[in-house]
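**Student:** Chain residues, written in single-letter form:
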Amino acid sequence: MSDVVEKTLTALPSLLSLDSQPGSAKLSSTSKLGNLIRGITELTSKHEEEKLIQCELSSIKEQVSSPNTTMMKELMVRTIYCEMLGYEASFSYIHAIKLAQQGSVLEKRVGYLAVSLFLNESHELLLLLVNTVLKDLQSTNLIEVCMALTVVSQMFPKDMIPAILPLVEEKLNHPKEIIRRKAVLALYKFYLIAPNQVQHIHNKFRKALCDKDPGVMTASLHIYLQMIQENPEGYKDLTASFVTILKQVVGGKLPMDFNYHSVPAPWLQIQLLRILSLLGKNDQSTSEIMHEVLDESLRRAEMNHNITYAILYECVKCVYTIHPKSELLEKAAKCIGNFVLSPKINLKYLGLKALTYVVQQDPKLALQHQMTIIECLDHPDLIIKRETLELLFRITNAQNVTVIVEKMLEFLRISKDDHTTIDLVGKVAELAEKYPSNHYTYAPDNEWFIETMNTVFSVGGDMMQPDIPNSFLKLLSEGFDSVEEDRKLRLFAVNSYISLLRGEPGKLPQRFLQVISWVLGEYSHLRADLEPALVLRLLAKLLDMKNCSSETKSWVLTAMTKLCEGGSGVSVAQQVSETYGSSLDTVLRQRAQELQHLSQDSELRARVLPRGAGLDRSLTYCHNLVQVDSSLSFLDGFVSEALAAGAAPYKPPHQRQEELAGTKALSLEPYGLSLPISMSSCITDRQSPTLLSMSSGLSATLKLDGVKRVWGREGYLSQKEPVEEPAQVEVPSPLRSPSQQGEADSFHSQTPSLTPTPESDQEKQQLASSLFVGLGSQSSVCLMGKSEPTTQRFRRKAKGHSTASSTSEQVSNSVISPPSTVDNLLCNNLLDSNITSELAVSSPQLTSRLSQGLAATNGTCDTDTELPESDRKESKPAVIRDSYVVAADPAPHEDPDRPKDLALSSHLPAELSELSHSEITHLCTNQNLELSVCHVQKEDSLLLIVFISNSSDSAVQQILVCLFSGVLFGEEAFTCWCDVVGIVSLLISRVCCRPLTVSTEEYGTMWLAFSHDTKQNLTLISDGQEPLTATLNVLKRRLQLHVVEIIGMEGIVACRLLQDQPCLMHCRVHAGTLAVWLRSPIPDLPDCLIYHCQRALQGH
Amino acid sequence: MQFMLLFSRQGKLRLQKWYVPLSDKEKKKITRELVQTVLARKPKMCSFLEWRDLKIVYKRYASLYFCCAIEDQDNELITLEIIHRYVELLDKYFGSVCELDIIFNFEKAYFILDEFLLGGEAQETSKKNVLKAIEQADLLQEVRHLIKITVDKVF
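As given, the protein sequences belong to chains A and B, one line each in that order.
Counted the way my numbering counts, the first sequence spans residues 8 to 1107.
Counted the way my numbering counts, the second sequence spans residues 35 to 189.
No wet-lab data here; the hints were simulated from the structure.
Hints are supplied without guarantee of correctness; some may be wrong.
[As the list claims (entries may be wrong)] Computed footprint of chain A on chain B, listed as stretches where at least three residues anywhere in the stretch have a Cβ under 8 Å from a Cβ of chain A:
| id | segment |
| --- | --- |
| 1 | 81-90 |
| 2 | 101-112 |
| 3 | 133-147 |
Note that beta-carbon positions come from the ideal geometry of N, C-alpha and C, so glycine has one too.
For reference, chain B alone in the conformation it holds in the complex (with noise of 0.2 Å):
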C-alpha cells in the first residue's frame, strides 16, 4: 500500500499516512486530486478507481471516506477488506465508533493503524491481538494519569 487517506463528506482531511517517501507538496496534490474525485462518485459505483498509475480503493463509512492507494498488481478486494477491518478496530476501540471519535482522538486512530498496518503491509491480521497492544499501551497511559492525579490531590 502507498498511502491511506480518512477524509469527510466535506473534504476535510482526517487521517492521513504514507508509506512511500513523497514531499509534502506532492503529498498536498494527491490528496487535493484524490478528495476531489473520489467525492464526485456517485454511491453504486465500483469502489475502485484508476489513478495515475496506482489504484485506489475507498469505502464510505457514514460521513468518512476511506481511501487506499495500492500497486496495480495488489489485490483490490483484499484491501477492501483491510480498510473493513480497521473500522472494525476502531469500533471495537470507541465502541460504535462515529467521525468525531476520530476528530478528537485521532492520534488513537494513528496508533491503531500502525499496530494493524506496517510499513503499507498488513503487519497483525487478528483483531485480538491488535487492540491487546493497544490497550497494553493505553493501560500504562490509565495508570500513569490516575497516578498524576493522586500526586497533584497529594501536594
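So that you can see chain A by itself, here it is in the shape it has in the complex (with noise of 0.2 Å):
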C-alpha cells in the first residue's frame, strides 16, 4: 500500500502542472476528484474511508439536487468513482439519465458512461432512457449518434426495441463507418436478447458483411458467428464468400491499419475460423471450399508471437473439427507439438487444452507428447496440472485407470476451488464405476473400487452431485454377474465401513455417514463375526454425534431397525428409540418409532424388511414378497359405508385443484396423466386394476428413469473408432502390455524430451507406460485376447432377470398402458353398467361437470340423455345447447375388428351427413362394444358425435356418457371441448379450429389490430423436407390452421375458432426451435392454440 501511496502523492504535483498536454488535461477541471483520490490513498484504515466516502457522497447528493448545478459533470464522475470503490450510489442514477439527457454533448458522454456503468439492461429506469436515445439517433451531431449507438449495444430493454429499430436500421446506410459499424453491433445485441425482433432485417446483415469498410465487415461477423452457431444449415451458401474474405486478409490485401504487430488483422482472421469450423463440422462438400485456405492460414502463421500462436490454435481446431483431410490434420499435429513443447507457459496450457480436445479421434498424438504429459502432472502450476488430467480423463482406459485415478485423487487432495472439486469428484467416481476392477490382473479388485470411492466420498463431502453415492448404492445393491463377486465387494465394502467408524467418523461427510449406514444395515450380515449389537453401537455413537443432520440421523436409524436383533442389540435399539421417540423432528419420531416396534417384533421386521432385498425393495418388494394392495381394496368396505351415510365421493388431490381451477383458468396440464372423474366406481369395483395402481407404478418408473446408469457403458477402447491400422503398426509404444514393458521401456529411452536425472526418468517412464497403456490402436489389445473377459465383467447384469422382472412388467405394462386403461375403465363404467344396469347413481355427477363447462355461458342446462333400451339401431342420447352439440350414437357394428369409417358415417344424422366431418377416430373395443368418435363442423358450433357399436347378443341397457371438460376455450369461446374419459388428445387437437384464409395484406392489418399475445419457442419437425415447412405442414394437417405465406425461415399462419374469433400466428426458424408469436383479439385464445401446438408437435 504505501509505494503506491508515495508514487501517488510524489507524482501529483507534475500532475496536476500536466495541464497543457492533450491528455493528462483534465485533471485541473476535475480538482475535486482529484481531492477525493488523494483524501483515499492517504487514509489508513476501511472505517476511515467508509466515513470518507459516505460523507462525500451526502455532498454530492446535495449538489445534485439543487436546480442549477453546473458541475453535474464532475459530480458524476465522482459518483462513479464512489460506485466504483464499492459504495452504493442509487440516488445518482436519476440524474445520471437526466444529464444524458438534458446537457451539453460533452456532459451526455459522462451521463452516458454513467448510466451503462451503473444499470442493467433489466433496471427500471433504463425505460427513462428511451426517448433521450431516440432523440439522439436522430441528431445530426454524429458524436451524439455514437454515444447512443454504444449505450444502445451495451444495455438497452428489450421491451422498448421496436421503439429505436427502425433508426438503428437506417444507420446501416449511414455514409460514416464509423457509425454504420455502430449500428451492426447494436443490432448484433438486439439480436442477442429478442432474435425475433430483428428477423426481418437478416438481409440488411448481408449487405453488412459486403461493406466496404473492413472495419463494418468485421462488426457483422459477430452477427454471423451467433446466427450460424444457432442454424448452420442455414449459411452454408456463403461459405465461399467467408473463405474469400480469409484468402484476402491472409494475403495482406487489407489496409495497414488493421495490422497488429505485423499481423493482417487477426482479429477478424479467429472469428472467420471459428464461423468456418462451424460450417464444415460433419460436412464433406463444404469442409472441401476450406482446405486450402487453411493449408494457407496455417502456413502463413509462422512468426513467433503470440497472435499468430492464437490464430494457429484457432486453425488446429478448425481443423479437427471440419471433415478430416489427412495433410491439414499432419499440420496440425505439428502444430499441437510445438504448443505443448513450448517452454511458453501459456501455449503449453493451449497445447494441453488442444490435445484434450482431439485425443478422442487421434490417440496416438497423446503418445508422441507422453513424457511433457508426464512433466505437466507435476507442474507446480494447478491449472496445468488440472488441463493434464482433463487429457487423461479422456484417454482413460481399463488398463491405466487405476494410475489416472490415483493422479486425480492426488490433485484433489490440494484443490481448494469448489468448482474443481465437484467436478472431478464426479470424473473419478465415474471412472471407478466404468472400471471397477484391476486390469493387470484381470481379477476384480475391490479394494480399489471401495477405497476409491471412499476418497471420492470423504473428499467430495457434501458438495458432490448427489447422484454419485444413489448410483454407487445402486451398484452395490445390484452387482454384478456373480454372485460370489458380489458377495466379496459388498463384505469389503462393509469391512472398511466398520473399519471407518472405528476411526473417527466425526470428520466424515453427512453424504458419506448416510451412504455407510445404509451398506452397513444392508450387509454387515454378511460378515459371520460381527456382531449386530457392535455395529448397532457404533451406528448409535453417530447419532450422538454433534454435527450430525438430521436426514443422516434418519438413514442411521433406519439401518438400525434393520440390524436389531439378539438381546443385545435389542437393547441398544430401545435405548436409541427411547431417545429419538420424542425428538421435535417428526421423521425422526417416526424412525424412531418404527425401531421400537420392529425390534420387538422380529417377525414382522422379516416381513417388512427382508435381507438381501437392497434397493429393489421397494418395487419388487412391494408387488412380489408382500403383495401390497395399492388400490387399498380393504378399505372398500369402509368406503361404501360412509358413501352410503352420505359422504362425498373422494377425490384425488389433483382433481379437487383442476376443479378449483377450472372453475375459471385453463388447465395446461397434460391429459395423459388425469384421472379418471368416476372414482367412486372404481373403488367400488374389487377386479379392476384401479388408475391408483397404474399411477403408483408409473412413479415407480419415473424413478428409476432417474438414475444414471453409467456401468453398461463399455470402456474407452471400445468406444473408440478404429485408427487407420497401418500406421498403428509403426508405432512402437509402451501400450502393449506388462509382458511387452521392457521393450516399451527401451522405445521411451528413445524419445526426444527433457532429460532429468536417470533415477526420475525412469520414474516417469514408469508413470508413462502404466499411464499410456492400451493406447494404441484396438487391433493391438485385442490380440492379446484380454479385454474380452474385462468387458464381460462389467456389464451389469441383465435387466429383468428374476430380481427385476415384475419390476420391468409392471414398467412395460405402464408404458402401454394408456389404451389399455382406458378400455379397462371404459369396460368397467360401460359394460359394468350393461350388467349391473346400476350405476347410473353416478350419473348426475357426471352430468353436473358436464354442465358445469356448458353452464358458462347460460345457467340453463337442458341435459337431455336418452337411454336407448331395446333399440339399439336408431337411438341417439343427445345433449344439446345453444351452439353446442353431443350427440352420442349407439350403432351397432357388425365387425368389430374392422371398424370403417364408411360403415360408421353412414349412422350419422341425415342432416350432419352433408357436411363434412373428421375421421371417426377408433377409441377402444372390447370383445362386445366399440367406441369410436368423430366431430362435425358446423359454421356455428361443433358437434361431436358417438359411435358405440355392440356385437354381443344381449342388448345394451343403459349406456353412461361421461364427458368432462378439458380445456375451455376463452371465456366467450362458445366452443367447450370434451374429454371422453381422459383419452382425447388426439380429438381436441385436431378439433379446435378452422382454417381462416386471408392475404397477407390482410393478415397484416389484423396483426396490428389484435391485442393478447402471446410467444413461445416450439420444437420443429424435420423429416427430410425444409423443417419450416414441415412442422407448419404437421400443424395445418393436425390443427387445421392456413399456412397464409412462407418466407425464407419464417412464416405466417391463420385460422379462426368460430366467425369472428381469428388467431393470427407468427413462426421463424431461430436457434434449432420454432420461435412463435401468436395474435388475437380474444384473450386466452393464444395460449391456448400454442399449446395445442406443442401437442399437435410432440404427437408428431
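Two chains, each in its own frame: build the complex with the hints.
**Tutor:** Structure representation (C-alpha cells):
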C-alpha cells in the first residue's frame, strides 16, 4: 500500500502541472475528484475510508438535487468513482439519466457512461433513457449519434427495441463507417436479447457483410457467428464468401491500419476460422471449400508472437472440427506439438487444451507427447495440472484407470476450489464405476473400487452431485454377474466402513455417513463374525455426534431398524428409540417408533425388511413378496359405508385442484396423467386394477429412469473408432501389456524429451507406461485377447431377470397401458353398467360436470340423455345446448375388428351427413363393445359424435356417457371441448380451429389490430424436407390452420375458432426451434392454441 | 467477453466493465474472489484460470492487473492480445500511461474501452480509428472548455 501512496503523492504535483498536455489535461477541471482520490490514499483504515466516502456522497447528493448545478459532469464522475469503490449511490442513477438527456454533448458523454456503468439492462430506470436515445439517434451531430449507439449496444430494455429499431436500421446506410459499425453492433445486441425483433433484417446483415469498410464487415461477423452457431444449415451458401474474405485477409489485402504486430487483422481471422469450423462440421463438401485457405493460414502463421499462436490455435481447432483431411491433420498435429513443447507456459496450456480436444480422434498424439504430459502432471501451476488431468480423463481405459484415478485423487487433496472439486469428484466416480477392477491381473479389485469411492465420498463431501452416492448404492445392491463376487465386494465395503466408524467418524461428510449406514444396515450380516450389536453401537455413536444432520440420523435409524436383533442389540435399539421417540423432528420420531416396534417383533421385521432385498425392495418387494394392495381394496367396505351414509366421494388432490382452477383458468396439464373422474365407481369395483395402482407403478418407473446408469457403458477402447491400422503397426509404444514392458521402456529412452536425472527419468517412464498403456489401436489390445473377459465383467447384470422381472413388467405395463387402461375404464364403466344396470347413480355427478363446462354462458342446462333400451339401432342420446351439441350414437357394428369410416359414417344423422366430418377415431374395444368418435364442424358450432357399437347378443341396457371438459377456450368462446374419459388429446387438437383464409396484406392489418399475444418456442420437425415447411404442414394437418405465406425462415399462419374469432400466428426458425408469436382479439386463445400446437408437434 | 476488471497490486479496483447483467451483490462477490485468486498467483504462472464455469485471462502491466472473463470456447490468447491492445491504446492516448493516469482519468479510460470493445466484442481493432474517435469527442471538449474560459473572462 505504502509505495503506491508515495508514488501517488510524488506524482501529483507533476500531474497537476500537466494541464496543457492533451491526455492528462483534465485534472485541473476535476480537481475535486483529485482531492477525493488523494484523500482516500492518505487514509489508513477501511473504516476511515467509509466515513470519508459517506460524507462525500452526502455532499454530492445535496449538490445534484439543487436545481442549477453547473458541475453535474464533475459530480457524476465522482459518483462513479465512489460506486467503483463499492459504495452504493443509487440516488444518482436518475441524475445520470437526466444528464444524458439534458446536458451538452460533453455532459451527455459522461451521463451515458454513468448510465452504462450504474444500470443493467433489466433496471426499470432504463425506460427513461429511451426518449433520449431516440432523440440522439436523430441528431445531426455524429458524436451524439455515436454515443446513443454505444449505449444501445451495451444495454437496452428488450421491450423497447421496436421503438428505436427503425432508426438503428437506417444507420446501416449511413455514410460514416463508424456509425454503420456501431449500428451493426447494436443490432447484434438486439439479436442476442430478442432475436424475434430483428429477424426481418437478415438481408441487411448480408449487406453489412459486404461493406467496403473492413471494420463494418468485422462487426457483422459477430452476428453471423451467433446465427451460424444456432443454425449452421442456413448459411452454408456463405461458406465461399467467408473463405474469400479469409484468403484476402491472410494475403494481406487489408489496409495496414488493421495489422496488429504486423499480423493482418488477427481478430477478423479468428472470427472467420470459428465460423468456418461451424460450417464445416460434419459436412464434407463444405469442408473441402476451406481446406486450401486453412492450409494457407497454417503456413503463413509462422512468426513467433502470441498473436500468431492465437490464430494457429484456432486453425488447429478448425482442422480437427471439420471433415478431416490427412495433410491438414498432420500439419495441425505438428502445431499442437509445438504448443505442447513450448517453454512458454501459456502455450503449453493451450497445447494441452488442444490435445484434450483432439485426443479422442487421434490418441497417437497423446502418445507422442507422453513425457511432456507426465511433466505437466507435476507442474507447480495447478491450472496446468488440472488441464492435464482433463486430458488423461479422456484417454482413460481399463488398463490405465488405476494410475489416472490415483493422480486425480492426488489433485483433489490439494485443490481448494469448490467448482473443481465437484467436477473432478464426479469424474473419478464415473471412472471408478466404469472400470471397477484392476486390469493388470484381470481379477476384480474390490479393494481399489471401495477405497477410491471412500476417497471420493470423503473429499467430495456434501458438495458433490447427489447422483454419485445414489448410483454407488445402486451398483452395490444390483451387483454384477457373479453372486460370489458381489458378496466379496459387499463384504469388503462392510469391513472398510466398520474400520472407518471405529476411527473418527466425526470427520466424515454427511453423505458418506448416509452411504455407510445404508451399507451396514443392508450387508453387515455378510460378515459372520460381526455382532449386530457391535454395528448397532457404532451406528448409535453417530447419532450422538454434534454435526450429524437429521437426514443422516434418519438414515442411521433406518439402518439400525434392519439390524436390531438378539438380546444386546434390542437393548441398544430400545435406548435409541427412547431418545428419539420424543424428538421434535417428525421424521426422526417416526423412524424411532419403527425401530422400537420392529425391534420387539422380529417376525414382523423379517417381513417388512427382508434381508438382501437391497434397493429393489421398494419395487419388487412391494409387488411380489408382500402383495401390497395399492388400490387399498381392504378399505372398500369402509368407503361404501361412508358413501351410503352420505359422504362425498373421494376425489384425488389434483382433481380437486382442477375443479378449483377449472372454474376460471385454463388447464394446461397434459391429459395423459389425469385420472378418471369416476373414481368413486372404481373404488367399489374390486377386480379392476384401478388407475391408482397404475399411477403408482408409473411413478416407480420414473424413479428408475432418473438414476444415472454408467455401468453398462463400455470402456474407452471399444468406443473409439478403429484408427488406421498400418499407422498403428509402426508405432512402437509402451501400450502393449506388462509382459512387453521391457520393449516399451527401451522405446521410451529413445523418445526425445528433456533429460532429467536417470533415476527420476526411469520413474517417469514407468509412470508413462502405466498411463499410456492401452492407448494404441484396438487391434493391438485385442491381439492379446484379454479385453474380452474384462468387458464382460463390467456389464451390469441384465435387467429383467429374477429380481427385476416384476418391475419391468410393471414398467412395460404402464408404458403401454394408456389404451388398455382406457379400455378397462370404459369397460368397467360402460360394460359393468350393461351387466349390472346399476351404475347410473354416478350419472348426476357426471352430468353436472358436463354442465359445469357448458353453463358458463347460460345457466340453464337442458341436458337430455336418452337411454336406449332395447332399440340399439336408432337411439341417439344427445345433449344439445345453444351452440354445442354432443350426440352419442350407439350404432351397432357387425365387425368390431374393422371399424370402417364408411360403415360408421352411414350412421350419421341425416342433417349432418351433408357436412364434412372428421376422420372417425376409434377409441377402444372389448369383445362386445366398440367406441368411436368423430366431430362435425358446423359454421357456428361443433358436434361431437360418439359411436357405440354392440356386437353381443344382449341388448345394451343403459349407456352412460361421461364427458368432462378439458380445455375451455376463453370465457366468451362458445366452444367447449370434451374429453372422453381421459383420452382425447387427439380429438381435441384436431377439433379446435378452422382455417382462416386471408391474404398477406389482410394478415398485416389484422396483426396490428389484435391486442392479446403470446410468444413461445416450439420444437421443429424435420423429416427430410425443410423444417419450417414440415412443421407448418404438420400443424396445418393436425390443427387445420391456414398457412398464409412462407418466406425463407419465416411463415405466417391464420386460423379461427368461430366467426369473428381469428388467431394469427407468426413463426420463425431460430436456433433450431420454431419461435412463434400469436395474436388474437380473444384473451386466452393464443395461449390455448400454443398448447395445442405443442401437443400436435409432440404427437408427431 | 463477460466482464473486464482492472485492479492494482493492492487489490484496489480501478476499472470495471460488465457485459452481462448481474446484480451489484454478485459483482462485488466476483470481484472480491477474483482479485484474491489472481493476486495469489506467482509471476511465472499461466495467464489463464478456470474459475467457476468461466475462463479468466489476466495480465499484469506494472502495478496494474488487467483481467477478463471469457467463455470456455473463446480463444484465450486473443483475449490476452485484446488486453494488450487496450494497454497500447491507453499508452498512446495518455503518452506512456501509468496507473495514476487511469486513477485520475478513469472516465477517459472507460471512453477508450467503449470505443474498442462494445458489448463484449472487439469493435474496432485498428488503433488509429479508435483514437480518432476519441479525439474527435475530446476536441469538442477542448473547444468548449476554451470558449467557457473566454466567456468567463469576458464577464
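**Student:** Any hints this thing doesn't respect? Which numbers, in order?
**Tutor:** none
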